[in-house]
Every structure is written in structure tokens, then in C-alpha cells.
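A.B. asks: Residue numbers (our numbering): 912 to 1190.
Worth flagging that the hints you see were computed from the coordinates, not collected in a lab.
Check before you lean on any hint, since a few could be wrong.
Said to hold, decoys possible - Under the rule of at most 30 Å between Cα atoms (straight-line distance), these lysine-lysine pairs were calculated in the DSSO-like manner:
1. Lys1049 / Lys1039
2. Lys1143 / Lys1190
3. Lys1034 / Lys915
4. Lys1143 / Lys1117
5. Lys1171 / Lys1190
6. Lys1039 / Lys1171
7. Lys1081 / Lys915
8. Lys1028 / Lys1171
9. Lys951 / Lys975
10. Lys1108 / Lys915
11. Lys1014 / Lys1034
12. Lys951 / Lys963
13. Lys1014 / Lys1132
14. Lys1039 / Lys1177
15. Lys1108 / Lys1177
16. Lys1143 / Lys1153
17. Lys1039 / Lys1117
18. Lys975 / Lys1171
19. Lys941 / Lys1014
20. Lys1150 / Lys1132
21. Lys975 / Lys963
Here the structure is a predicted model, which is why all the values come from computation and not from measurement.
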Amino acid sequence: MTDKFVPIPFNLNTLHAVFPESLAIKIEQKLLDNFGLNVKVPILELRKKDDKDLQFLAQYIYDKIFLEYTLKQWGQTPDEIDPSVSGRVPVYVSRDDRYFQDKYQGIPIGGYTNMVKNMLNHKNITVKLKTPFNKNMKYDRLFWSGSIDEFFDYQYGELPYRSERFDFIKFPYSKFQEASVINYPCNYDWTRIGEYKYFLNDQSDKTIVSYEYPEPFENGKNDRYYPIANDKNAELYQKYLKSAQRLSTVYFFGRLGDYKYYDMDKAIARCLNLVNELK
């Protein structure tokens, strides 16, 4: 099969799109018998099933989606990273093509950039750019969303991250692709292409897309994007967390402060919960 877009995460619609109908029906029934309908199954769990058809399916999905994509995204195989990472893109025994199934979903009006601008446009907030942090400065409370290892001057070593490079290209036509995000697990150097006008249903005779290229994080060269979840890095983070817990007026949060892979909704919930705790 070539030049055909199918839903990812892999679901029952994907199953019928890539396999002959008779085989798809057979495997679908086995998925339903083993897991039930509307159930998300981590790929590593599916690979453990003692059934030749499900093992065939698991190996197909592993080879076509997880292996190459994970190598590009993380620079490691799926077996080398924490199962929670691959669990973010499970096999979904469902006909629902959405990435998230939350009852309520949305994006701030005008996008996240405008949301942050509105938050910062407050009389009690002063923004200072290109200003190094001074640990001797006086404060009642400090909220730190930078990297936790940097705050402690890397005293236990650097926490590893993956970075990302975005190439933005403008095209002189109204639409570039059929969805807001299309992933390329096995081919090309980029992992996905995003077309942002889909998110807020913008109408224009031109469009802008971004090609995403994962790359290793190099301090001073690029930015931290994704904490690399595995046992070794978790052990290192715990050392910093213990040091952080000894500070009564400093609060760490976010992907860098918590060294955790947050989606936007979870990141916002983390901040709101922190405020409620302080109240």
C-alpha cells in the first residue's frame, strides 16, 4: 500500500484500510474478544499476546509505526524508553479516529499565543527577557518552569532531553494536506507536518505548514522539548526532586520543572492545582 493516509493511533478503521477485508474481520473479532470495544491497548502489551494473528498485527504495527517513529523522535527503540511514552499512542479498539476522547476539547480563542499575551498583560506582571536568574534575588515565592537541573547548577548531572526543529513553509494555496497533523513514521527525516489553520478553522487562500525534525538537545544550541523517560533518568530526577522539596518558597512545574511529558491540558491543570494548594 502506497500514498494512502490512515488513522494513527492505529484503530479498527486503520485495520480495514491496510489489510484485506477477510483478514481485517478476523483480527477485529480477536481484538474484541481479547480486549473489548473502545479499549486502548499499549503496543508492548499487544505484542505479548499468545495468538499468531494478534502477534502478526502487533509486529506489523510495531514495524510500521512505533519502531521507526520512535527512533526518529527519541533516538532509541520503543523497548529502551519508558512504556508510558509508547502508551501515549496505543492501539485503539474502536472506530473513533480522534487522538483524544475527552468529552470536552478545545483551543483558546485566538490560539495559545494570544492566551499567554492576555495573561501577561496585567498590571502586576512585568516581563523581562534575556535576564539571567539571580539566586540572590529576594522573593516571597518563586515559580520555576525552567529545567530543574539547571536551577541546581547541574550538581547531579544533566537531565537528558530531546529537542525539535521546525521548518515553516508558506504555500500559495488554501490547503496543503487533509488533516491538521499528518505523521510520517517510516519515511523522510521529519516526523510530522502540521497545518495550523485547521485548529481554529481559519479561512485563507494561503497556508503555512511546519515540518518537525527531532534532534538531540545540546545545551546552548537548541531548546529542551521532551524529557526522555526511562529508569536511569527517573533516578537522576529524583535526586533533584529531593533537593527541590527542601526549598519552602520555590515551586517547580511544567515539562522542565517536573521533568514530565505533559500535554497542554495536563500542564494547565498542574498550574491550577498548584494555585489551589497554595490557597
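A.B. asks: Each hint: holds or not?
C.D. replies: Outcome of the hint check:
no.: 1; hint: Lys1049 / Lys1039; in the structure: holds, 16 Å
no.: 2; hint: Lys1143 / Lys1190; in the structure: violated, 35 Å
no.: 3; hint: Lys1034 / Lys915; in the structure: violated, 52 Å
no.: 4; hint: Lys1143 / Lys1117; in the structure: violated, 46 Å
no.: 5; hint: Lys1171 / Lys1190; in the structure: holds, 24 Å
no.: 6; hint: Lys1039 / Lys1171; in the structure: holds, 26 Å
no.: 7; hint: Lys1081 / Lys915; in the structure: holds, 24 Å
no.: 8; hint: Lys1028 / Lys1171; in the structure: holds, 25 Å
no.: 9; hint: Lys951 / Lys975; in the structure: holds, 18 Å
no.: 10; hint: Lys1108 / Lys915; in the structure: holds, 22 Å
no.: 11; hint: Lys1014 / Lys1034; in the structure: violated, 36 Å
no.: 12; hint: Lys951 / Lys963; in the structure: holds, 20 Å
no.: 13; hint: Lys1014 / Lys1132; in the structure: violated, 40 Å
no.: 14; hint: Lys1039 / Lys1177; in the structure: holds, 27 Å
no.: 15; hint: Lys1108 / Lys1177; in the structure: holds, 24 Å
no.: 16; hint: Lys1143 / Lys1153; in the structure: holds, 16 Å
no.: 17; hint: Lys1039 / Lys1117; in the structure: violated, 35 Å
no.: 18; hint: Lys975 / Lys1171; in the structure: holds, 27 Å
no.: 19; hint: Lys941 / Lys1014; in the structure: holds, 28 Å
no.: 20; hint: Lys1150 / Lys1132; in the structure: holds, 26 Å
no.: 21; hint: Lys975 / Lys963; in the structure: holds, 18 Å
Consistency note: the structure conflicts with the earlier hints numbered 2, 3, 4, 11, 13 and 17.
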